[in-house]
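**Student:** Listed here are the chains, written in short residue letters.
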Amino acid sequence: MLLLLPGLALAQVPNPAQTVMRDGVTLTQAQEQRAEAIGDQLRCLVCQNESIEGSSATLAKQLRIIIRQHVAAGDGDKSIMDYMVHRYGIFVLLKPPFSRLTLLLYATPVLALILGFLVAWLTRRSKIPPPPPLDDAEQDRLERLLKS
Amino acid sequence: MIPELGHFALALAVALAFAQGVVGVFAPGLRDARAMRAAPALALSHFLAIGAAFLGLIYAGVVSDFTVENVADFSSSQVPLIYRITGTWGNHDGSMVLWCFVLSFCGATVAAFGGNLPASLRARVLGVLGFVSGGFLLFTLTVSDPFTRIWPPPLDGAGVNPILQDPGLAFHPPVLYTGYVGFSVAFAFAIAALIEGRIDAAWGRWVRPWALVSWCFLTSGIALGSWWSYYTLGWGGYWFWDPVENAALLPWLTGTALLHCAIVVEKREALKAWTVLLAIATFSLSLSGTFLVRSGILNSVHSFAAAPDQGLFILALLGITIGGSLLLFAIRAPVLAATGMFSPLSRESALVLNNIFLCAIAAVVFVGTLYPPFVNLLFGVQLSVGAPFFNQTVLPLTAPLILAMAIGPLLPWKRAALRPALERIWLAAMVAVIVFLVMTEQTNAITALGLAGGVWVMLSAISDIAERAKLGRVKLGDSLARVRAMPRAAFGAALGHIGFGVMVFGIAGMTLATQKVVVLNPGQSTELGGYSWKLDDLHDAPGPNYAQRVADVTISDDGKPFLTLHPSRRIFTTPKVITNDAAIHTNGFQDIYVVFADEPANGGAELRLNRHPLAPEIWFGGLIMALGGALSLSDRRLRVGAPSRKRAAKAAGVVA
Amino acid sequence: MDMRRRLLFTAPLAVVALGGWGFYTILERMEQDKYDPHALPSPLIGHKPPAFNLPGFNTAPGFSNTDLAAPPQPMLVNWFASWCLPCAQEAPMMAQLAKTGLPIWGIAYQDQPDALTSYFAQYGNPYTKLALDASGLTAINWGVYGVPETYLIDKNGIVRWRWAGAITSDVMANGLQPLLAKYA
Numbered sequence: 002m003l004l005l006l007p008g009l010a011l012a013q014v015p016n017p018a019q020t021v022m023r024d025g026v027t028l029t030q031a032q033e034q035r036a037e038a039i040g041d042q043l044r045c046l047v048c049q050n051e052s053i054e055g056s057s058a059t060l061a062k063q064l065r066i067i068i069r070q071h072v073a074a075g076d077g078d079k080s081i082m083d084y085m086v087h088r089y090g091i092f093v094l095l096k097p098p099f100s101r102l103t104l105l106l107y108a109t110p111v112l113a114l115i116l117g118f119l120v121a122w123l124t125r126r127s128k129i130p131p132p133p134p135l136d137d138a139e140q141d142r143l144e145r146l147l148k149s
Numbered sequence: 007m008i009p010e011l012g013h014f015a016l017a018l019a020v021a022l023a024f025a026q027g028v029v030g031v032f033a034p035g036l037r038d039a040r041a042m043r044a045a046p047a048l049a050l051s052h053f054l055a056i057g058a059a060f061l062g063l064i065y066a067g068v069v070s071d072f073t074v075e076n077v078a079d080f081s082s083s084q085v086p087l088i089y090r091i092t093g094t095w096g097n098h099d100g101s102m103v104l105w106c107f108v109l110s111f112c113g114a115t116v117a118a119f120g121g122n123l124p125a126s127l128r129a130r131v132l133g134v135l136g137f138v139s140g141g142f143l144l145f146t147l148t149v150s151d152p153f154t155r156i157w158p159p160p161l162d163g164a165g166v167n168p169i170l171q172d173p174g175l176a177f178h179p180p181v182l183y184t185g186y187v188g189f190s191v192a193f194a195f196a197i198a199a200l201i202e203g204r205i206d207a208a209w210g211r212w213v214r215p216w217a218l219v220s221w222c223f224l225t226s227g228i229a230l231g232s233w234w235s236y237y238t239l240g241w242g243g244y245w246f247w248d249p250v251e252n253a254a255l256l257p258w259l260t261g262t263a264l265l266h267c268a269i270v271v272e273k274r275e276a277l278k279a280w281t282v283l284l285a286i287a288t289f290s291l292s293l294s295g296t297f298l299v300r301s302g303i304l305n306s307v308h309s310f311a312a313a314p315d316q317g318l319f320i321l322a323l324l325g326i327t328i329g330g331s332l333l334l335f336a337i338r339a340p341v342l343a344a345t346g347m348f349s350p351l352s353r354e355s356a357l358v359l360n361n362i363f364l365c366a367i368a369a370v371v372f373v374g375t376l377y378p379p380f381v382n383l384l385f386g387v388q389l390s391v392g393a394p395f396f397n398q399t400v401l402p403l404t405a406p407l408i409l410a411m412a413i414g415p416l417l418p419w420k421r422a423a424l425r426p427a428l429e430r431i432w433l434a435a436m437v438a439v440i441v442f443l444v445m446t447e448q449t450n451a452i453t454a455l456g457l458a459g460g461v462w463v464m465l466s467a468i469s470d471i472a473e474r475a476k477l478g479r480v481k482l483g484d485s486l487a488r489v490r491a492m493p494r495a496a497f498g499a500a501l502g503h504i505g506f507g508v509m510v511f512g513i514a515g516m517t518l519a520t521q522k523v524v525v526l527n528p529g530q531s532t533e534l535g536g537y538s539w540k541l542d543d544l545h546d547a548p549g550p551n552y553a554q555r556v557a558d559v560t561i562s563d564d565g566k567p568f569l570t571l572h573p574s575r576r577i578f579t580t581p582k583v584i585t586n587d588a589a590i591h592t593n594g595f596q597d598i599y600v601v602f603a604d605e606p607a608n609g610g611a612e613l614r615l616n617r618h619p620l621a622p623e624i625w626f627g628g629l630i631m632a633l634g635g636a637l638s639l640s641d642r643r644l645r646v647g648a649p650s651r652k653r654a655a656k657a658a659g660v661v662a
Numbered sequence: 066m067d068m069r070r071r072l073l074f075t076a077p078l079a080v081v082a083l084g085g086w087g088f089y090t091i092l093e094r095m096e097q098d099k100y101d102p103h104a105l106p107s108p109l110i111g112h113k114p115p116a117f118n119l120p121g122f123n124t125a126p127g128f129s130n131t132d133l134a135a136p137p138q139p140m141l142v143n144w145f146a147s148w149c150l151p152c153a154q155e156a157p158m159m160a161q162l163a164k165t166g167l168p169i170w171g172i173a174y175q176d177q178p179d180a181l182t183s184y185f186a187q188y189g190n191p192y193t194k195l196a197l198d199a200s201g202l203t204a205i206n207w208g209v210y211g212v213p214e215t216y217l218i219d220k221n222g223i224v225r226w227r228w229a230g231a232i233t234s235d236v237m238a239n240g241l242q243p244l245l246a247k248y249a
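Residue numbers (this note's numbering), protein chains in the order written: chain A, 2 to 149; chain B, 7 to 662; chain C, 66 to 249.
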């Protein structure tokens, strides 16, 4: 499996300056990658739970074109995202913006870990309670077992 | 007539299930041995009754009996036989019957093969299963009846959703359900143990095979589902963080934790209450996953539409099952005292660490999935929590898990020193670091980290086995003898870890996927990922119940054609849907993936061309994990169940 | 028994109870039609429609955002298309609304004049004014994500309500009528 690793690098995008055309807009490889990264972050509203980049819906295609036009015009990621949010609301963002509303959501990984370690700490037991001493019958049985 | 018999069998099953529940749960308390013996018999007959109902429903589908509403709505006489059968569970009502069938099958297996369990424990386990099954059967019978008749019947059915007319998806639900529902047995064992107030090593040994079987099915089910979405949805995605997928991932995460904890209970009699909680949580998540997804609350691609009254019924069932079991847990679990102690550095502690991380991931997935509806409820704001969020939060939690899961198996129980363990994996660590350094140079840090992590997990699992065999330190023959003497569970565990490593490797490789969407006219070609892709021809082709447009695409490397693929667009008439059938060629380490996305009005074909390095490793990894589980399951020690029974009997004989 | 341990063991039940209550509330409200988990509030609500200027149907003039700036009475803007099935289902409701004297301005989304002519021949034309958004770009500026969509605009030209999907008698009675009374 390790022998495959050199081959992986070859599969990488060759030249960032080379141009590609997608949905009728011509971009450089680097710009196209940016457009794809933006499209991956946006929800296709017609189809549940697909990104604009992955969807085959007409609206998604139109929005892909708009993203590419903005990228070609040199707009920043943030302004393109704002363009979408302005029209469709924050629902369109597959990663919700950090705000008071999403504080708990973003705190979950940390809280879960703290809670996990806390519970492990609280329920740990430092001392083994000694087993109750054997009564006569048990002592008797133990001896016989040991002999047999 | 047959549907009525099926309906009757379903009603009979409700009665038998509740009888099983009452007898199983209450007979042991009354010390009624005869009643306790009735529980297995009831479980078997309850299984037969649901089996009859299920067969009745399949029969109605096979003969296209359109007086049955379920068949009229979701099947058609034009669909091939196999999809008339699998279409039975491709809709809400039918899938409920399948679900109950699998649950009763689990009960029947406990009844049939649980002979080595103490009679009272077996009765209680069956009792809990009976109540759970009874509740959901009642739901099926009253508000989700698949045998409803309509008159007059339509001339033909509405048809099977073309997306479901696929071998992958046809068998995905039964496998996944077996995984989900199989955890009901671990759950029932947990509840029975809480009722009895006693958990010991034997309990761990009984629970583990059940958890293991379900885990294998769940792993395969998830892998199958992921593979299906990869080859049908047509853009090469294999995991979408869709609520339905998350619903399957959650019990997988806690189930994996459960699997590891049951070992601690079995070997060291520690983490008892935690293991019980995991068993409850895993089945609860399976239940919530199956049902809340259907309530229409979550935004999901694959949910069945269900009416809110069904939702409330199901919520009540979930409330009783989950709430009841957690109430029992709150009351009874604090008395479950551990006897085995361990130091902060020991295999037990490593497993605790594994549990913390697995559960933290589960918490993130859980909160992320449920956050939007709850925010909407409380603040009236529609949020999306999608793939970018999950990728960003789950990844950092997986990294330490990967780091720890390689070291954990090398630590001895009770008390360990880090140095000997590190000495045993320095080779794996070295290779992983080299892979990371080399690949960062050539690709990017995240991909390199993933590849290195995969290599690290695989190599450490292999070196663990090699170390145990003292490979290279004793004669080869002796090493082989040591390997032969090793328990299969050791190989199973190593294989499970290797599978996970392979999957991580594949996921990391997929970050390097290259894709391109182009419109080509026949004869034109384009370049991608070092290959030249040429559209040769577009033509029509016949299909069994659809018309087809096929594109012939030839791929050449350095001017030498090495592959021709035939992606197609399938045009179904009942219902009217067009699906894209991706053409995928794999050599085991790379997929070449072509989708015929559209035929533009002004000629040519819109093609999505993809080169996916290491994509097959994702599913191979899942498969290897499941195989590891199966191998572990074949271990004598697990199969025998309670191996000490004979010896105990002998010892008792001596005393007497 | 250790109190701390008892409390710890009750925590899972508390978490589940909280979740269960939440789900119960959601389902309850869904059943009473007070809550739709898929409803998407429009960011346009409380604002004026974005700038646009669309051509009309056949020889009739179209309209622009300035025409919507201060209508004499509350009005609806209905996005529709001749190729959309729910639009045809909605058509009788639109006709009924138009008969009450409520001005409904239509915008045909990605449509052809010929197709529209036969659509109106079959389902009638309830629209006071009609504009064509052939490219669909104005729709994107409005945040329209499917047809039909209906917007309520008050006398100040501000969007007060948006309904995505066909308007049913339920929606009309519970959603639209109270707002029409409020902004009349």
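Warning: the hint list may mix true and false statements.
Stretch by stretch, here's where chain B covers chain C in the computed footprint (C-beta under 8 Å, at least three residues) [stated by the list, open to error]:
(1) 76-82
(2) 95-105
(3) 236-244
These aren't lab readings, by the way, just hints derived from the structure by calculation. Note that beta-carbon positions come from the ideal geometry of N, C-alpha and C, so glycine has one too.
**Student:** Determine for every hint whether it applies to the structure shown.
**Tutor:** Cross-check of the supplied hints:
1. Look at the stretch 76-82 of chain C against chain B: 4 of its residues bring a Cβ nearer than 8 Å to a Cβ of that chain, three or more, so the hint holds.
2. Closer than 8 Å: that is the beta-carbon criterion, and the stretch 95-105 of chain C has 7 residues meeting it against chain B, so the requirement of 3 holds.
3. Coverage of the stretch 236-244 of chain C by chain B is violated in this model, with 0 residues showing a Cβ closer than 8 Å to a Cβ of that chain against a need of three.
Hint 3 from the list above is the single one not met by this structure.
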